[in-house]
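Following the hints, complete the assembly by docking chain B onto the known chain A.
Protein chains in written order, with our numbering: chain A, 10 to 264; chain B, 1217 to 1527.
By construction, these hints were calculated from the structure, which means they are not laboratory data.
Worth double-checking, as some hints may not be accurate.
[What the hints assert, rightly or not] Think about it this way: if two alpha-carbon atoms lie no more than 25 Å apart in a straight line, the pair counts; the simulated DSS-like pairs of lysine-lysine are:
hint	chain 1	residue 1	chain 2	residue 2
1	B	Lys-1296	A	Lys-257
2	B	Lys-1325	A	Lys-257
3	B	Lys-1278	A	Lys-257
4	B	Lys-1326	A	Lys-29
5	B	Lys-1247	B	Lys-1399
Here the structure is a predicted model, which is why all the values come from computation and not from measurement.
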Amino acid sequence: MRFNYYAFKSIYLHEMDRFKRTLLQSLFSPVLSTSLYFIVFGSVIGGYVEKIDGISYGSYIVPGLLMLTLLTQSISNTSFGIFFPKFNGTIYEILAAPISTFEIILAFVGAGATKTLIVGIVIFITSTFFVEVKVMYPLLMVFILVLVAFTFALFGFLVGLMSSNFEQMSIIPTLVITPMVFLGGSLYSLDMLPEFWQMVTYFNPVVYLINGLRFAFYGVSDFNVWVSIISMLGFLIACVVVVSVLLKKGYNIKS
Amino acid sequence: MSDNQISINNLSKIYDNGFEALKNINLEIKKGEIFAMLGPNGAGKTTLISIICGIVKPSVGKVSIDNFDIINDYRETRSKIGLVPQELTLETFETVFNNVSYSRGLYGKKPDPSHIKKILTQLSLWDKKDLRLQQLSGGMKRRVLIAKALSHEPSILFLDEPTAGVDVELRKDMWKIVEDLRKSGVTIILTTHYIEEAEAIADRVGVINQGEIVVVDQTKELLKRMGHKKLTVELQEKLSEIPNSLTKYNLEIGRDKMSINYTYNVQDKQTGITNLLQDLKDEGLKLKDLKTEQNTLEKIFVSLVKENNEI
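Same shape as in the complex, but just chain A:
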């Protein structure tokens, strides 16, 4: 089966254009809010906190904050990308075009992940102005960043596909993902929690993502890095299956 390259490219560039048009919201806003975390928690409060696993507190929280941005941005980028054409009616054009389900997903998710990675890179660079950052395993870091960006962009596509209004679309990033990141060891080590809450935290999937990235940065983690990678791949496969089935059925977009 031939690949509709020009259709893929059109949707991808169209989405990237939206990113360029809304730089203030899509790039500067997350960079500013993460910088505030670095200033408050890293530079100011961090000076009064002891080192964790031999790493200064300011440096320790970099992977967690990076993960917070990656997750929220990838979900909101892609969910908005597919929801907006549904909302304004231009989805008809995509449905009537000779494009396969796979090509539609790849274009929207590819653009969403690209935007997220751009934001992530800028935040990473910004963090070096506030705290000392070292990356022990650069390739592993890139692999995890790309994997997380694509996986959650795909999850965002699912959110956008299932949402019928703007409120529903914002529920997952704000009411589910953000609390999971904050309670998933982004600003602390699990060892610092009482035993009971450590057990509870094991059920939070975001914990494994943050620890995987922290391992790539500093070589320290509460879990084996493979647990993180396998859990991410598992979630990616689940998202691929669900999105493909829903889109093929035309769920929420095709009568």
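Relative to chain A, chain B alone:
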């Protein structure tokens, strides 16, 4: 080989809420013709177009374009089709040029700025190419929708209510555009609820009502059947019965007995109006006013359904 480009066989559509939008539709559309689908709001016109274009899934039946099935061979069929939707659905923050180029890409065509320029020029949009859609008037937005539908050089163009809510000037422009497209070999299917529109541009007309095709015929033939009008002659004095000399006109006396009604066909060479007025004068009847009334689409559908049932 058949000259039919679109074949619709036993097509039905039942929505999830149980509404039966299309009932066993069978229709053939020839290559290069202008086919008008005429019907009132909610008749099923848009559903039919949406199924052919791939936006709505059929419940039962088969549609093929140039012998390609719209489900199994969707890449072939969809790449042949351009669709101008009824609603002005556009990316309002994008420029005209980018909007049209985007559509070309979606249909798998290599970027071709010269072709986009040609279309925008034809549609009097070239000087607006850098404007964002939100800066355009409703009429201009409709032209952009046409430009988008033509961006990938389709051989079939669907126009869903192209002149709904547009002024007379733009309506005539649209008809001109449609005629020019036909000359270039494009098959055009348009939906409308204006009889005049079908009369002005269509080769054939299909009348659709409550999800069923009531009749399909050459425009001229159909207009003959649909062209009945009613002439009401208001009188200055009451008339209790039709005089013998006027019985040949099959006149009806109005309820208040202050008027008489005459039904005639506008498509006939001689409508009989002149003779009727002369005979009324000869009978000494004094006229107060005259008015004519076109049959409403609904009345026409009812009469066509009746007519079909009788055949």
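Could you work out which earlier hints the structure fails to respect and list their numbers in ascending sequence?
none
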